[in-house]
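Q: Following the hints, put chain U in place on chain G, whose structure we already have.
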Amino acid sequence: MSSKTGRPAMRSAAWRISLWATLAFACGTMVVFVFLQSFVAGDIQRRSDAWLSGEVEVLGDVAERTPKDALYGRVVGEVAELAAREVPNKEASETESNDSVFFLQSGSDGSLKLWVGAGSGDDHLKAIRTTEIPPDHPTDVRIPGFPVPFRVACLRADDGSHIYLGLSERDELRVLRSLRFRFFLLWLLIVLLGFGIVFLTTRRMLSHVREITEAASRIGHSDLTARVPATKRNDEVSQLALTLNRMLDRIESSMHQLHTITDSLAHDLRSPLTAIRGKLEMSLSTITEGEQVDPIVSAIDELDRLTDFLNKSLDVAEAKADALRLTRSAVDLNELLRVMIDLYEPSMSERGLRVSLQSSVPVRILADAALLHRMVANLLDNELKHLPPDCTLTMELRGEEDSARLILEDDGPGFDPEVLLHLFEGRVKGRDSDGHGLGLAFVDAVARAHGGSVAVSNREVGGARIAVTLPAFPEPNSHSPLLASSSSN
Amino acid sequence: MRLLLVEDEIDIQSFLRRSLEEAGYQVEVAPDGKTAQRLAVEGPFDILIVDLGLPDQDGISLILRLRQQGVRAPVLILSARRSVDDRVRGLEQGGDDYLTKPFALAELLARLRNLLKRNSPAASEATRLRVLDLELDLLRREASRGGQILQLTQQEFVLLEYLCRNAGRVVTRSMILDKVWGMRIQPDTNVVDVHIYRLRGKVDGAGQQPLIRTMRGVGYVLKDR
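So the sequence lines, in the order shown, correspond to chains G and U. Counted from 1, the first sequence has number 275 at position 275 by our numbering; the numbering is strictly sequential. Counted from 1, the second sequence has number 97 at position 97 by our numbering; the numbering is strictly sequential.
Bound-form chain U, shown alone:
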């Protein structure tokens, strides 16, 4: 996967490059809009990460110009602004995504994966999800572990489905809030954790191998091995 990172801050550039390469991306870095434009037109990239605050031009204008020049790759916008302006929303509707700084690496990676998945030819939507001995029937909205039906509420099922779809990968609290509850908030209480504890109480019964793991400082992961 070829990825173009357009970011002028050296510090952010270096740690992003390292962690993206660790995640298996082939990373090219552009410190400003001009270089980004040259690189993007030269070599085809699968995905772009563009910081809005570039030294020589506005990130949105860069994205719009690249689109005009035929660059089709999805873009993950990094914004240091608090409020997301209408133009970003417009791009979001056009298939791109945004992330406000500072962010969790896990969230950045998850959003990149989502963007790539969105733009790849749609695989036929599965009606069942299976992670180890955990099985979700998406049509009947039923979850079972080792053949045993789990008594989940509607909300818990959605949460478990989200964890299953990202099995083996870390999901952060703000990702859960965004995808399961549809809101980008940062509560300073443990609201998400309590939901996870409750779900864990139902999924990981006594004597069973615990599936939902807490990644301290980062988030949660549903084990797939």
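Bound-form chain G, shown alone:
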């Protein structure tokens, strides 16, 4: 079932597809059944009409040949009763008397001459008189007191009298009703069965698609070496999986290439940097004091700054390509921030800045601790360099359901509106900045590598506001609660 993702079956695509398919199927079979039913009804009607026409002729013949004496009524009546027993589609009547068939002979003056059937026959005669019944063509006649109309055939005798033979349509309707009922049951069965089959098939098919989606999103967030599951069948879905896997192969190889390039670039630059630094340090140890020390010391400083710049540039470049490698472990952001503030507080107060952290409970996330250290160091370095004296920096840490938010607010001059637009591009720097303008680009890079984000704005009351959001867990599908309590103020 789709309980894995907790999605109700009625909202799935499989449900919708099978609903529409079943609707079309149900309409189609319904049309076929309606056609079949009308065909059967017509056929039954024709048969009973043929019977009526035949019988009325026989009765007419008998009536004509039987001498009109005292026995006439009995002879014709017996013949009519015999005929009634051969009624097509007949069902055993509930009553003794046969009320599904009647025989009626009216005189030329229209009076009731002979009656065979249930009741007196007056109602029947009255109803027949009001209806015009062409000879040789049985017609429906409604008789008061009978819920079902009669099919009546008429024959005109030579002596001017009329012979009527009526057959109740009750049995015909009953047959049709039972036919309809069976049709309906069959139709319902077929439709439900069809719905079930379509639903199960599409769901199975779509569950492959869902597996592919889940695997792809997992891959997108963490592991590039993983592949989506492929089935052995060679249908569209497995082709989708194959295409995705081929695409992933290419992405992985270009990612690998990027790593190789950045690694070899880092390596090729670091080796000479190491050698230069080592030589500078050695020459520094040979001279004791004096004027020569200064250039060497500043050269070492420059070298260190160059190294840091190189590191950050490569990190930012890799993060922009979503290729920054993380080594995750459980990190308590509250603890991490306290240590960082402890480190930075003396420098801040030296410059006349106040810093405070608003957070009390542990906020644990799965993250790369080393990168987070560097990220927070960048944020604090940035404040330290740009805030004029006598400003206050407020840091607030919030543990939300499945993410952590770090908000830095200061009451300094805020960001240059122009700078604000291109802050994360890694090239801009504020007017008075002496850095490489990489700081915030690096912060953004680290946040994004963790699946988080950075929002930078100027506060309405003045000053800058930087909000870093980091998800608590790398898996986007994971709904486990954050290890910390949800509010922290």
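Calculated directly from the structure, the hints in this document are not laboratory data. Keep in mind that this is a model prediction, so the values were computed, not measured. Heads up, a few of these hints could be off.
Stated by the list, open to error - Just a few of them, taken from the derived set where beta-carbon distance is under 7 Å, the chain U residues facing chain G: (1) Phe-15; (2) Arg-81; (3) Lys-101; (4) Leu-105; (5) Val-158; (6) Thr-189; (7) Gln-208.
Stated by the list, open to error - Residues of chain U clear of chain G, computed beta-carbon distances all greater than 12 Å: (8) Glu-7; (9) Val-27; (10) Asp-32; (11) Arg-65; (12) Cys-164; (13) Pro-187; (14) Leu-199; (15) Gly-217.
Each residue gets a CB set at the ideal place from its N, CA and C atoms; glycine is no exception.
A: For chain U alone, coordinates are given in the frame of chain G:
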């Protein structure tokens, strides 16, 4: 102390050899993995420095193979990569250490000393540290100079303890950040210096001989003479 340096870059090789020999190590150099393997198995070494980017093989594989062959000496890994991968972390947990290039010589030497100390039979942990007239009581977390108790914060005490443990030797800013604050960052502001100034203000009072010295371009040293 016999040290095997496995490094293919001639420039780095030469200055490392010189400064290591100056620091009192007996240095053998291997320019590639094959030579390193032969040398390491032949003669016992007290410590190894292995660069990860060797021409003929991966440094980590070399270390793992040496371990299989019974080489027990601790290893200081030199890495030119920015991120430390899981295998290096694994080795670090196994008692080895790593250093990313470029590095300060002082830091390299300090890490070598730490590795050697870690692997020598543990000396009974002292409860008091004494450098000249500076005395640290590690149990009561109290520092005093010339009998005068110093009013230090918890953090300042840890910093001073670290300086005392390395008295007479240079410690760099990144070493201080690593050991005292537990993070490997390179701030482009003077955060460490301000901590040192504050500590110096408390330790080196007026009229006293200054103990905490700045080694320009390198780091700091706590004088022990």
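Q: Give a verdict on every hint.
A: Taking the hints in turn, this is what the structure says about them:
1. Phe-15: Given a least distance of 4 Å, the restraint on U/Phe-15 holds.
2. Arg-81: holds (6 Å)
3. Lys-101: holds (4 Å)
4. Leu-105: This interface hint holds because 5 Å falls under the 7 Å limit.
5. Val-158: Where the cut-off is 7 Å and the nearest Cβ of chain G is about 11 Å from U/Val-158, the hint is violated.
6. Thr-189: holds (5 Å)
7. Gln-208: violated (22 Å)
8. Glu-7: The assertion about U/Glu-7 is violated, with a minimum of 10 Å to chain G.
9. Val-27: holds (14 Å)
10. Asp-32: holds (15 Å)
11. Arg-65: Correct as stated: the minimum Cβ-Cβ distance to chain G is 22 Å, above 12 Å.
12. Cys-164: Label holds. Min Cβ-Cβ 20 Å, cutoff 12 Å.
13. Pro-187: With a cut-off of 12 Å, U/Pro-187 comes too close to chain G, as the shortest Cβ separation is near 5 Å.
14. Leu-199: Given a closest Cβ separation of 10 Å, the condition is violated.
15. Gly-217: violated (4 Å)
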